[in-house]
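J.: Each chain, written out:
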Amino acid sequence: MGLDVNWAVRWLTRSAQAMADHRVELIDLDRPIGDSDHGENMDRGFRAVMDKLAESPPETPAAALKLTAMTLMSKVGGAAGPLYGTAFLRASTALGDLADVDAATLVAALRAARDGIVARGKAETGDKTMVDAWTPAVEAAAAAAGDGGDGDVHTVLLAAAEAAEAGAVSTDPMLARKGRASYLGERSIGHRDPGAVSSALILRAAAGAAE
Amino acid sequence: MGLDVNWAVRWLTRSAQAMADHRVELIDLDRPIGDSDHGENMDRGFRAVMDKLAESPPETPAAALKLTAMTLMSKVGGAAGPLYGTAFLRASTALGDLADVDAATLVAALRAARDGIVARGKAETGDKTMVDAWTPAVEAAAAAAGDGGDGDVHTVLLAAAEAAEAGAVSTDPMLARKGRASYLGERSIGHRDPGAVSSALILRAAAGAAE
Amino acid sequence: MKKLINDPRAVVDESVEGFGLAHADLVTVFADPNYIVRKDAPVAGKVGLVSGGGSGHEPLHGGYVGVGMLDAAVPGAVFTSPTPDQILPATLAVNSGAGVVHIVKNYTGDVLNFETAAELAQAEGVEVRTVLVNDDVAVQDSLYTAGRRGVGGTVLVEKIAGAAAERGDSLDAVAAIGDRVNQNVRSMGVALTACTVPHAGVPSFELEENEIEIGIGIHGEPGRHRIPMENADGITDRLLDPVVSDLGVASGDQVLLFVNGMGGTPLSELYIVYRRAAQVLAGKGVTVARSLVGNYITSLEMQGCSITVLRLDEEMTELWDAPVHTPALRWGV
Amino acid sequence: MKKLINDPRAVVDESVEGFGLAHADLVTVFADPNYIVRKDAPVAGKVGLVSGGGSGHEPLHGGYVGVGMLDAAVPGAVFTSPTPDQILPATLAVNSGAGVVHIVKNYTGDVLNFETAAELAQAEGVEVRTVLVNDDVAVQDSLYTAGRRGVGGTVLVEKIAGAAAERGDSLDAVAAIGDRVNQNVRSMGVALTACTVPHAGVPSFELEENEIEIGIGIHGEPGRHRIPMENADGITDRLLDPVVSDLGVASGDQVLLFVNGMGGTPLSELYIVYRRAAQVLAGKGVTVARSLVGNYITSLEMQGCSITVLRLDEEMTELWDAPVHTPALRWGV
Ligand SMILES: Nc1ncnc2c1ncn2[C@@H]1O[C@H](COP(=O)(O)OP(=O)(O)O)[C@@H](O)[C@H]1O
Ligand SMILES: Nc1ncnc2c1ncn2[C@@H]1O[C@H](COP(=O)(O)OP(=O)(O)O)[C@@H](O)[C@H]1O
Ligand SMILES: [Mg+2]
Ligand SMILES: [Mg+2]
Ligand SMILES: [Mg+2]
Ligand SMILES: [Mg+2]
Numbered sequence: 181m182g183l184d185v186n187w188a189v190r191w192l193t194r195s196a197q198a199m200a201d202h203r204v205e206l207i208d209l210d211r212p213i214g215d216s217d218h219g220e221n222m223d224r225g226f227r228a229v230m231d232k233l234a235e236s237p238p239e240t241p242a243a244a245l246k247l248t249a250m251t252l253m254s255k256v257g258g259a260a261g262p263l264y265g266t267a268f269l270r271a272s273t274a275l276g277d278l279a280d281v282d283a284a285t286l287v288a289a290l291r292a293a294r295d296g297i298v299a300r301g302k303a304e305t306g307d308k309t310m311v312d313a314w315t316p317a318v319e320a321a322a323a324a325a326g327d328g329g330d331g332d333v334h335t336v337l338l339a340a341a342e343a344a345e346a347g348a349v350s351t352d353p354m355l356a357r358k359g360r361a362s363y364l365g366e367r368s369i370g371h372r373d374p375g376a377v378s379s380a381l382i383l384r385a386a387a388g389a390a391e
Numbered sequence: 181m182g183l184d185v186n187w188a189v190r191w192l193t194r195s196a197q198a199m200a201d202h203r204v205e206l207i208d209l210d211r212p213i214g215d216s217d218h219g220e221n222m223d224r225g226f227r228a229v230m231d232k233l234a235e236s237p238p239e240t241p242a243a244a245l246k247l248t249a250m251t252l253m254s255k256v257g258g259a260a261g262p263l264y265g266t267a268f269l270r271a272s273t274a275l276g277d278l279a280d281v282d283a284a285t286l287v288a289a290l291r292a293a294r295d296g297i298v299a300r301g302k303a304e305t306g307d308k309t310m311v312d313a314w315t316p317a318v319e320a321a322a323a324a325a326g327d328g329g330d331g332d333v334h335t336v337l338l339a340a341a342e343a344a345e346a347g348a349v350s351t352d353p354m355l356a357r358k359g360r361a362s363y364l365g366e367r368s369i370g371h372r373d374p375g376a377v378s379s380a381l382i383l384r385a386a387a388g389a390a391e
Numbered sequence: 003m004k005k006l007i008n009d010p011r012a013v014v015d016e017s018v019e020g021f022g023l024a025h026a027d028l029v030t031v032f033a034d035p036n037y038i039v040r041k042d043a044p045v046a047g048k049v050g051l052v053s054g055g056g057s058g059h060e061p062l063h064g065g066y067v068g069v070g071m072l073d074a075a076v077p078g079a080v081f082t083s084p085t086p087d088q089i090l091p092a093t094l095a096v097n098s099g100a101g102v103v104h105i106v107k108n109y110t111g112d113v114l115n116f117e118t119a120a121e122l123a124q125a126e127g128v129e130v131r132t133v134l135v136n137d138d139v140a141v142q143d144s145l146y147t148a149g150r151r152g153v154g155g156t157v158l159v160e161k162i163a164g165a166a167a168e169r170g171d172s173l174d175a176v177a178a179i180g181d182r183v184n185q186n187v188r189s190m191g192v193a194l195t196a197c198t199v200p201h202a203g204v205p206s207f208e209l210e211e212n213e214i215e216i217g218i219g220i221h222g223e224p225g226r227h228r229i230p231m232e233n234a235d236g237i238t239d240r241l242l243d244p245v246v247s248d249l250g251v252a253s254g255d256q257v258l259l260f261v262n263g264m265g266g267t268p269l270s271e272l273y274i275v276y277r278r279a280a281q282v283l284a285g286k287g288v289t290v291a292r293s294l295v296g297n298y299i300t301s302l303e304m305q306g307c308s309i310t311v312l313r314l315d316e317e318m319t320e321l322w323d324a325p326v327h328t329p330a331l332r333w334g335v
Numbered sequence: 003m004k005k006l007i008n009d010p011r012a013v014v015d016e017s018v019e020g021f022g023l024a025h026a027d028l029v030t031v032f033a034d035p036n037y038i039v040r041k042d043a044p045v046a047g048k049v050g051l052v053s054g055g056g057s058g059h060e061p062l063h064g065g066y067v068g069v070g071m072l073d074a075a076v077p078g079a080v081f082t083s084p085t086p087d088q089i090l091p092a093t094l095a096v097n098s099g100a101g102v103v104h105i106v107k108n109y110t111g112d113v114l115n116f117e118t119a120a121e122l123a124q125a126e127g128v129e130v131r132t133v134l135v136n137d138d139v140a141v142q143d144s145l146y147t148a149g150r151r152g153v154g155g156t157v158l159v160e161k162i163a164g165a166a167a168e169r170g171d172s173l174d175a176v177a178a179i180g181d182r183v184n185q186n187v188r189s190m191g192v193a194l195t196a197c198t199v200p201h202a203g204v205p206s207f208e209l210e211e212n213e214i215e216i217g218i219g220i221h222g223e224p225g226r227h228r229i230p231m232e233n234a235d236g237i238t239d240r241l242l243d244p245v246v247s248d249l250g251v252a253s254g255d256q257v258l259l260f261v262n263g264m265g266g267t268p269l270s271e272l273y274i275v276y277r278r279a280a281q282v283l284a285g286k287g288v289t290v291a292r293s294l295v296g297n298y299i300t301s302l303e304m305q306g307c308s309i310t311v312l313r314l315d316e317e318m319t320e321l322w323d324a325p326v327h328t329p330a331l332r333w334g335v
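Residue numbers (our numbering), protein chains in the order written: chain A, 181 to 391; chain B, 181 to 391; chain C, 3 to 335; chain D, 3 to 335.
Keep in mind that the hints are not guaranteed to be accurate.
What the hints assert, rightly or not - Straight line, CA to CA, 25 Å or less: simulated SDA-like cross-link-like pairs of lysine to any residue:
#1 LYS302(A) <-> GLU117(D)
#2 LYS41(D) <-> VAL335(C)
#3 LYS41(C) <-> SER98(C)
#4 LYS232(A) <-> PRO35(D)
#5 LYS4(D) <-> ILE229(C)
#6 LYS4(C) <-> PRO35(D)
#7 LYS232(B) <-> SER98(C)
For the record, the hints were derived by calculation from the structure and aren't laboratory data.
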């Protein structure tokens, strides 16, 4: 089974639910090393995505992601808005007008998303940002898709989600070099990056939607 | 023994000591029904009085009280500054150029002080102000001085101090009608008036200085 | 108590000294006794305007010394009215021969100290008139009490009387316009938190996390009553209603709406209060012809605000608009 | 959390609405998306100036919209940079054909959102230049980090670049003077207490009764380090020293000294800080030629302050003195 537009809508719906459920947790993660707004920003953004999805139901997975990109770009603000906006926009482009996404295209889309974040934010792995969730996620997804790219999409998404979660945890001991946490220098050590956590939540939602 | 200039200086010195010792207490009394400054104001004023006494030692009791009046007027501010300033000024005038003050003159001076406070502040007994310390003090002093006004000055001052202390306590259940506490209406009930307490301290200092 | 201060007893002296350094183009600051005088005082032929009171309400009064407003300000200790030995030299310094108006907030201490200073000035041949400001509707007005306090309205009295003096009005005329402003202005305030007087070191009153004080003054004194926390619109209504009804503002009236911060409340919140107050007034058919929003008469770091409404006439509006150039209020220059 | 607000999610909308009502003579406020435009924009032939950022720093930026300063301000959510769909229409609204300068504080979010908006505006044929403000010496400056934040210096960049635009400078010239101000300005801040973001509901960090945070920004983010409480002179030295040495101010230099309140600190305390800073600079032979003291770029109700020093040259001084007429800064008009 490939991933169709219904999967995409379920993914975004589950993402919105995750942002609402984890709003306070993401704010709390952003407090010691940031400005206490990440959960509020993501929740506001994904609530707007839900409104847009209801207003104009998309016809393809790519359309769903493009709508998400534009909405996050215009409703989230901060660092996360443009970064997630770019990620969803690039992923959308990678999907073209396919009605059903196979594992190979899925991996390409995830990679495009990650590359978009890196292109905008200039962060490298180890800088304690959402990149530290996305890069291992892309690698795990590629491995799960197999050399021929013909793996099971659910397995691919599960691998991505798990790797992203581990990636988020891996930010704990890092010294931040990008984003607001970098202002803290040494004091950023010992805290988890909120954007890496929200990234893992979004990828976990993608896997859940493919069950 | 009458009350000479040494008594006056001892009185003012003991008053200054009392204001320093009770500074925090007077601030604390002024907090719930005023603006938390009475102890600070009185302490500042009497420290200045001590400086002035050292600078230009007075020759008569009246001179000591006049110097006190002018110093309090220029250093205390608020309601207490002009009220105590007037009290000491009128008392000074009542003493004339006597080197030794007898009981009758003492009572006259205390009465003049009280009348000065009433003339300036327009408060009546029961309005929850320093007048509620001064009026019973003057009455008790007059009674102790006897009809001929030939009582013992120390006894007269002790009577005044005790009556002032009781007068201060009597302000507890009063509803304030003058000064800052009046803004509180009913909520002023149950608190002791700070100016009545500082008045009792000053009269107690006068008695102590005459021991 | 955490404050950007050195010795708590030097707070006023050092603050006034810093003020003098920062605004040396506009004012001259005298120390011991403390008073602040307009750079070019006395202005020939002009009535002098002097105000003052306890410190802790900055920018009041020192911030309003300059062209078109006060000629001198006299800062007392924190929340303690100044003394005659400060008020007198300030009065003499701004007297050009045209006389001096004292603008006095109605507190026992302020009234008594200015009264004495006025007597002393008069004894030196200076004509003095006193404008008493008592605009706080939170306080009962009665012959048998200390009467209403002077709060937010003071800023408006100082601006408008200052403009009248600047255009050359006589001593009596300046005092009369000051009185007219006072008669047409009412205020009421709320505290979300208490302030801490530096020399006292502990908050002036205790408020629970969900309580606010309605009807506070500007000296950290408690208000009239304490209520559970409400939203901004609800609080605004509680302040505005008594102001409007006491002043008797009616449809067709033109007013100046002044939302004042007590010192610790963000400007953004003051605009939320302003929004509601403007909407309510509009709903009553009242035109908000002028407005002022910000920290203009404060109570140290207290969180809260006051709402002041001034019923305008043509002359008051013209005088409000007249040029003013002071550290804290400036336009037209 | 006690605030004068209604729905925490409506704070910015309602505050901006109130701001628009209070200053309808100077600005036009647009809602959904939110942006604030100078009443007479676009001004024919004039370069347009747009700034913006998260809300919670009032009067920045909306308070600086008007003659001689910004043409538009774009308020984001509290402490969250605005989005391109707000920045773009603001940019288009103030473009008279002479191009638009974006003044952007150096935060990842602000940079990315303004970058996108600039691209979109350019795609619509509007020439855009960006002036990046990064004056905070508390933050390490390196190619491998997000770099220094924009803080107090932003106000000075907006004023001086605004005056250049007003006198008719070209797009490149306005951007160049903005850059020049940024190169000559440094700041550093301290927090005595934390602020509380409305949607978060709890303070942004915890400070003990006797602790302060040195090197804080303006978003309630923690600073560089925490030290025991000190007196005002000591704190002032801790802020001023790195500013002066990073800027390389030397004897004979002329500077603008800006002591800024973080929102919850009384003005009187800012003058105590100003006093010390002015004395220290004088001791180094530096002339404080201009000064600014007050709440100009805040962090909600945070208690604390920042010190900003701008090394002046003749042109910057002239542009600083040029007339400005905005809700929060006004002179010469
Ligand atoms: N340069 C960057 N590259 C990648 N991710 C970044 C970068 N800067 C910030 N982030 C991510 O953005 C998150 C913060 O988002 P948010 O709190 O919404 O924005 P802001 O920092 O503007 O308040 C961080 O936790 C981090 O994961
Ligand atoms: N009208 C008045 N008549 C007599 N005493 C008064 C009057 N008003 C105030 N007082 C006295 O002054 C005291 C307050 O003094 P203080 O706190 O120093 O001045 P302020 O009220 O100006 O802060 C009150 O406790 C009261 O005893
Ligand atoms: Mg954040
Ligand atoms: Mg008092
Ligand atoms: Mg007082
Ligand atoms: Mg943010």
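J.: Is it true that the CA of LYS41(C) sits at most 25 Å from the CA of SER98(C)?
T.: Within the cut-off at roughly 14 Å; holds.
J.: Assess, step by step, whether the Cα of LYS4(D) is no farther than 25 Å from the Cα of ILE229(C), and give holds or violated.
T.: holds, 13 Å
J.: Is the Cα-Cα distance between LYS232(B) and SER98(C) 25 Å or less?
T.: violated, 34 Å
J.: Holds or violated: LYS41(D) and VAL335(C), Cα atoms, limit 25 Å.
T.: holds, 21 Å
J.: Does the structure keep LYS4(C) and PRO35(D) at a Cα separation of 25 Å or less?
T.: violated, 40 Å
J.: Given the proposed pairing of LYS302(A) with GLU117(D), does the C-alpha separation stay at or below 25 Å?
T.: holds, 14 Å
J.: Hey, LYS232(A) versus PRO35(D), does the alpha-carbon distance stay inside 25 Å?
T.: holds, 16 Å
Taken one by one, the earlier hints fail for this structure at numbers 6 and 7, listed in ascending order.
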